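There are 2 protein chains.
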Amino acid sequence: MEIERKYLIHKLPDHLEAYPHRTLEQAYLCTEPVVRVRRDADDYILTYKSKGLMIREEHNLPLTEEAYCHLREKADGRIITKERYCIPYGDHLTIELDVFAGDLAPLLLAEVEFSSEEEANSFTPPDWFGEDVTFSSKYHNSTLSQKKD
Amino acid sequence: MEIERKYLIHKLPDHLEAYPHRTLEQAYLCTEPVVRVRRDADDYILTYKSKGLMIREEHNLPLTEEAYCHLREKADGRIITKERYCIPYGDHLTIELDVFAGDLAPLLLAEVEFSSEEEANSFTPPDWFGEDVTFSSKYHNSTLSQKKD
Chain A
1 MEIERKYLIH
11 KLPDHLEAYP
21 HRTLEQAYLC
31 TEPVVRVRRD
41 ADDYILTYKS
51 KGLMIREEHN
61 LPLTEEAYCH
71 LREKADGRII
81 TKERYCIPYG
91 DHLTIELDVF
101 AGDLAPLLLA
111 EVEFSSEEEA
121 NSFTPPDWFG
131 EDVTFSSKYH
141 NSTLSQKKD
Chain B
1 MEIERKYLIH
11 KLPDHLEAYP
21 HRTLEQAYLC
31 TEPVVRVRRD
41 ADDYILTYKS
51 KGLMIREEHN
61 LPLTEEAYCH
71 LREKADGRII
81 TKERYCIPYG
91 DHLTIELDVF
101 AGDLAPLLLA
111 EVEFSSEEEA
121 NSFTPPDWFG
131 EDVTFSSKYH
141 NSTLSQKKD
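Just so you know, the protein sequences line up as chains A and B, in that order. So in the UniProt record's numbering, the last spot in the first sequence is 149, and the numbers never skip. So in the UniProt record's numbering, the last spot in the second sequence is 149, and the numbers never skip.
Each hint should be verified, as a subset may be incorrect.
[As the list claims (entries may be wrong)] Calculated lysine to any residue pairs in the SDA-like style (CA-CA distance at most 20 Å, straight line):
#  : chain 1 : residue 1 : chain 2 : residue 2
1  : B       : Lys51     : A       : Gly77
2  : A       : Lys147    : B       : Lys148
3  : A       : Lys147    : A       : Asp91
4  : B       : Lys74     : A       : Asp103
5  : A       : Lys74     : B       : Leu16
6  : B       : Lys51     : A       : Lys147
7  : B       : Lys148    : A       : His70
8  : B       : Lys147    : A       : Asp103
9  : A       : Lys74     : B       : Lys147
10 : A       : Lys51     : B       : Ile45
11 : A       : Lys51     : B       : His59
12 : A       : Lys147    : B       : Ile45
13 : A       : Lys74     : B       : Ile45
Hint data in this document are derived by calculation from the structure and do not stem from the laboratory. Keep in mind that this is a model prediction, so the values were computed, not measured.
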């Protein structure tokens with residue numbers, strides 16, 4: 001089970017390059033439920049996510065590079081590329097800030113994952129966070145993968 | 001974790017139609033690891049199986065009929081259709097006998113699933129079972145899905 005909140009970001013935080021970051025590439029084979037393949041540095045992962053907004057069941061399963069490339073060819077819509085920055089926040093939380101590349105730029109989204117629904121509901125975001133889009137499927141990466149033009 | 005042994009069958013057991021049976025349709029998006037979609041009566045399932053012969057890690061995740069049909073279009077090779085008969089054996093085992101349809105006919109394969117490796121290794125098959133093909137990847141359904149012509 002994955003419990004997370006998601007926010008639009010309009011202005012990057014200071015000293016962004018000081019935080020750990022890596023390039024993610026992901027492609028969607030299905031959006032309901034989500035069946036996605038992702039390249040995360042040297043890791044290749046098949047992800048299944050059940051329907052849902054703040055709370056979703058998620059399974060992450062290892063792929064080889066060859067299997068990833070094979071499945072990526074089967075993707076619908078656009079392949080998403082983004083730089084993910086991991087920014088510590090508060091006692092034990094991590095903000096995952098995604099800076100989208102390609103034709104989704106200059107979109108910026110931040111996600112925070114929680115260990116319980118109570119913790120998610122009591123979260124106070126930093127002042128550089130924009131609108132809470134947790135309860136909108138518009139900013140799901142699976143939705144963003146669909147080309148609208 | 002799935003622990004099973006697999007056998008070739010050359011002659012159908014008596015009274016086959018008396019056992020519960022259903023039609024399975026399955027299609028492969030990837031073979032190493034296995035990423036498969038299956039229709040099993042009114043259930044639609046995405047299955048991931050890690051590499052391996054007798055012992056494999058297996059995840060079964062629900063799909064909608066729409067998602068199944070969408071993913072089936074992305075399959076490689078042939079779509080496998082078979083009638084599966086479930087035949088009780090001994091105290092608590094079940095023989096799953098697959099009667100393949102289409103261009104794989106008249107292939108017959110039987111699988112038995114066990115709760116431990118010890119139980120799998122001490123299994124005595126009924127006399128109508130043919131060769132033990134547990135340790136051959138030739139009879140994996142993922143291999144059978146690949147058209148060789």
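Results of checking the hints against the structure:
1. B:Lys51 with A:Gly77: Between Lys51 (chain B) and Gly77 (chain A) the Cα gap is close to 30 Å, so the pair fails against 20 Å, i.e. violated.
2. A:Lys147 with B:Lys148: Given that 20 Å is the threshold and the Cα spacing comes to 36 Å, the pair is violated.
3. A:Lys147 with A:Asp91: violated (39 Å)
4. B:Lys74 with A:Asp103: Cα-Cα ~25 Å, so violated.
5. A:Lys74 with B:Leu16: With a Cα-Cα distance of about 40 Å, the restraint between Lys74 (chain A) and Leu16 (chain B) is violated, given a limit of 20 Å.
6. B:Lys51 with A:Lys147: violated (35 Å)
7. B:Lys148 with A:His70: Holds. Lys148 (chain B) to His70 (chain A) sits at ~19 Å (cutoff 20 Å).
8. B:Lys147 with A:Asp103: Between Lys147 (chain B) and Asp103 (chain A) the Cα gap is close to 38 Å, so the pair fails against 20 Å, i.e. violated.
9. A:Lys74 with B:Lys147: holds (19 Å)
10. A:Lys51 with B:Ile45: Holds, because 15 Å separates the two Cα atoms, which is no more than 20 Å.
11. A:Lys51 with B:His59: Holds - the C-alpha atoms of His59 (chain B) and Lys51 (chain A) are around 18 Å apart, at most 20 Å.
12. A:Lys147 with B:Ile45: Between Lys147 (chain A) and Ile45 (chain B) the Cα gap is close to 27 Å, so the pair fails against 20 Å, i.e. violated.
13. A:Lys74 with B:Ile45: Judged against 20 Å, a Cα distance of about 18 Å means the pair holds.
The structure fails to meet hints 1, 2, 3, 4, 5, 6, 8 and 12 from the earlier list, while all remaining hints are met.
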